[in-house]
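Line by line, the protein sequences are chains Y and G. Heads up: the first sequence begins at 17 in the working numbering, then just goes up one per residue. Heads up: the second sequence begins at 516 in the working numbering, then just goes up one per residue.
Everything labelled a hint here was simulated from the structure, so no lab data went into it. Glycine included, every Cβ here is placed at the ideal spot set by N, Cα and C. One or more hints might be untrue.
[Unchecked claim] Facing chain Y, a subset of chain G residues (Cβ under 10 Å, in silico):
| id | residue |
| --- | --- |
| 1 | G560 |
| 2 | A565 |
| 3 | L572 |
| 4 | G620 |
| 5 | Y621 |
| 6 | V625 |
| 7 | L633 |
| 8 | G636 |
| 9 | V640 |
| 10 | Q668 |
| 11 | D672 |
[Stated by the list, open to error] Derived DEER-like restraints, expressed as beta-carbon distance ranges:
| id | chain 1 | residue 1 | chain 2 | residue 2 | range |
| --- | --- | --- | --- | --- | --- |
| 12 | G | G720 | Y | R174 | 55 to 65 Å |
| 13 | Y | D60 | G | R766 | 42 to 52 Å |
| 14 | G | G709 | Y | D66 | 27 to 37 Å |
| 15 | Y | F101 | G | P556 | 30 to 40 Å |
| 16 | G | T813 | Y | L123 | 52 to 62 Å |
| 17 | Y | I65 | G | T813 | 52 to 62 Å |
| 18 | Y | F101 | G | A644 | 49 to 59 Å |
What follows is the residue order along each chain.
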Amino acid sequence: MAAWVTEHVIPHERPVRIWLARHASQEDVDDLIQESYSRLAALDSVDHIDRADAYFFSIARNLLVRRLRRSKIVPIEAIAEIDAFQDDMRPSPEREAGSRLEYRRILALIDGLPERRRRIVRMRKLDGYSQREIAKELGVTESIVENEVFRGVQAVLRAWREGETQAEQKLAVIDDRKRQS
Amino acid sequence: MKQQTAYDIDEVAARYVAEMDGEQWTSAQEDGLQRWLARDPRHPGALLRAQAAWMALDIPRPSANVQTEQEKPALWLNRRTVLAGGSTAIAASIAGGIMLLGGTGYSTSVGEIRRVPLADGSIVVINTASAIDVKLRDAARNISIERGEAWFQVAKDQQRPFIVAAGRARIRAVGTAFSVRRHSSKTEVMVTEGIVEIWANGAEGQRIQLKAGSRGFIADDAAMQQVPVAPSAIDRTLAWRNGKIDLSGARLDAAAAEFNRYNQRIVVIADPAIAVEQLDGVFRTDDPEGFAQSVHVTLGVPVDLSNSAQIRIGEPGQ
């Protein structure tokens with residue numbers, strides 16, 4: 017499941033986040049994204065899912081609509097419009113490039129880690145050492161290695177978040193230009 | 516509960532992923548994880564996403580050294596990954612073509628037992644000092660045992676047969692559970708659930724169906740043999756999945772050989788006369804000392820623990 021998510025959902029998380037952010041606060045977007053992944057986690061199998069991106073988007077959209085209905089702040093017509101929104105998730109060159117970009121960014125991310133963390137992540141992921149073997153090799157305790165792994169996971173999660181913020185800023189710039197012209 | 520931000524949740528999820536990635540994952544930790552997952556609707560998603568994050572780093576580097584990566588596929592040693600309602604997968608194909616060619620290799624060192632959930636929902640438990648290769652494709656799921664032993668719980672998928680290769684031996688399952696151990700000149704198959712089909716590569720015309728509760732051997736010369744065994748005997752033989760060695764009337768020399776599969780410190784039966792003595796008991800795979808003590812007490816033979824490289828049981832010529 018996690019492998020499927022890494023391959024098919026993560027590359028599309030950002031556009032979904034950006035879309036959600038038009039209708040919800042940043043905090044709500046974070047919650048909605050986590051809850052959307054929870055829905056995926058509850059699936060027994062992903063075999064029946066043909067288009068992961070569209071599937072994920074519709075989960076997130078449904079959760080958003082539910083939340084907006086409950087909040088009773090957003091007018092019903094606006095909710096109906098959101099509910100009816102169909103994202104154009106057809107594969108496009110941009111999307112393809114988008115998923116490859118993730119990949120290059122991951123590599124850059126490993127390189128950007130502090131010395132010891134980078135070394136440990138590399139040994140673990142590229143050389144196939146276990147945490148215990150790394151600890152022995154580097155002469156540190158296993159909990160130090162585990163902690164660096166923890167920081168490594170956090171670094172990826174943070175990068176996914178920050179990437180999204182950057183993309184959002186770019187989008188905002190484009191919107192401004194449109195408004196000005 | 517609402518004051519907990521998505522960021523806080525991510526942090527806990529990342530911590531769990533790091534712990535699961537390590538060598539020690541206790542049932543207490545598992546319980547803690549399950550309680551945490553149930554506590555908030557965002558938690559399972561955060562865990563899944565953190566697992567995906569850690570897995571994203573598995574992608575081999577697309578540079579001049581792609582070739583070397585292919586020759587020596589990265590070992591993914593994810594210890595144990597658990598999600599509400601099911602298992603989590605290890606990527607076989609994140610990077611697309613490159614990894615599809617090579618498959619994913621997993622190996623264990625002496626004494627290590629590793630549980631690996633596969634992308635199709637199947638679970639592999641890899642025994643000590645073993646190496647396997649996993650290729651999950653649209654047409655078939657191919658597993659190769661390079662050395663050692665593994666037990667498989669196969670997720671049902673009529674479209675994609677699950678085929679294990681070990682030496683010349685081939686074992687095919689649709690939805691079942693069985694173990695395969697590669698010996699020096701033969702392969703041993705034990706079925707714990709359902710039915711599997713076994714044959715030798717190059718002799719596809721001759722196939723044997725093995726039912727739950729039976730044991731089969733496929734020799735390198737393609738000879739096959741089926742031996743019925745009691746279910747309890749199969750459970751005992753597969754006790755390694757829980758890190759245990761279950762001796763039930765096993766001969767002392769066979770018991771010693773079993774411990775030696777899991778430990779650097781080897782057990783030596785110094786007195787051939789006691790090798791045929793029989794023993795009962797359940798031991799941890801990493802506790803040959805406990806085994807030796809128990810032999811000392813039950814058989815009343817001397818045990819020498821002074822050498823850190825070996826444990827000598829009995830003295831020759833006594």
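Cross-check of the supplied hints:
1. G560: OK, holds: G560 (chain G) within 10 Å of chain Y, min 3 Å.
2. A565: Holds, about 6 Å.
3. L572: holds, 5 Å
4. G620: Holds - the Cβ of G620 (chain G) comes within 10 Å of chain Y, reaching about 8 Å at its closest.
5. Y621: At about 9 Å, which falls below the 10 Å cut-off, the nearest Cβ of chain Y leaves the hint on Y621 (chain G) intact, so it holds.
6. V625: violated, 12 Å
7. L633: holds, 9 Å
8. G636: Nearest chain Y Cβ about 6 Å off; hint holds.
9. V640: violated, 16 Å
10. Q668: Violated - the Cβ of Q668 (chain G) stays beyond 10 Å from chain Y, reaching only about 15 Å at its closest.
11. D672: holds, 8 Å
12. G:G720 - Y:R174: 55 to 65 Å: For G720 (chain G) and R174 (chain Y) the Cβ distance comes to about 58 Å; the hint holds.
13. Y:D60 - G:R766: 42 to 52 Å: holds, 45 Å
14. G:G709 - Y:D66: 27 to 37 Å: Holds: the Cβ-Cβ distance is about 29 Å, inside 27 to 37 Å.
15. Y:F101 - G:P556: 30 to 40 Å: violated, 23 Å
16. G:T813 - Y:L123: 52 to 62 Å: Holds, since T813 (chain G) and L123 (chain Y) (Cβ atoms, about 58 Å apart) stay within the stated range.
17. Y:I65 - G:T813: 52 to 62 Å: Once the Cβ atoms are compared, 57 Å apart, the range 52 to 62 Å for T813 (chain G) and I65 (chain Y) holds.
18. Y:F101 - G:A644: 49 to 59 Å: holds, 55 Å
The structure fails to meet hints 6, 9, 10 and 15 from the earlier list, while all remaining hints are met.
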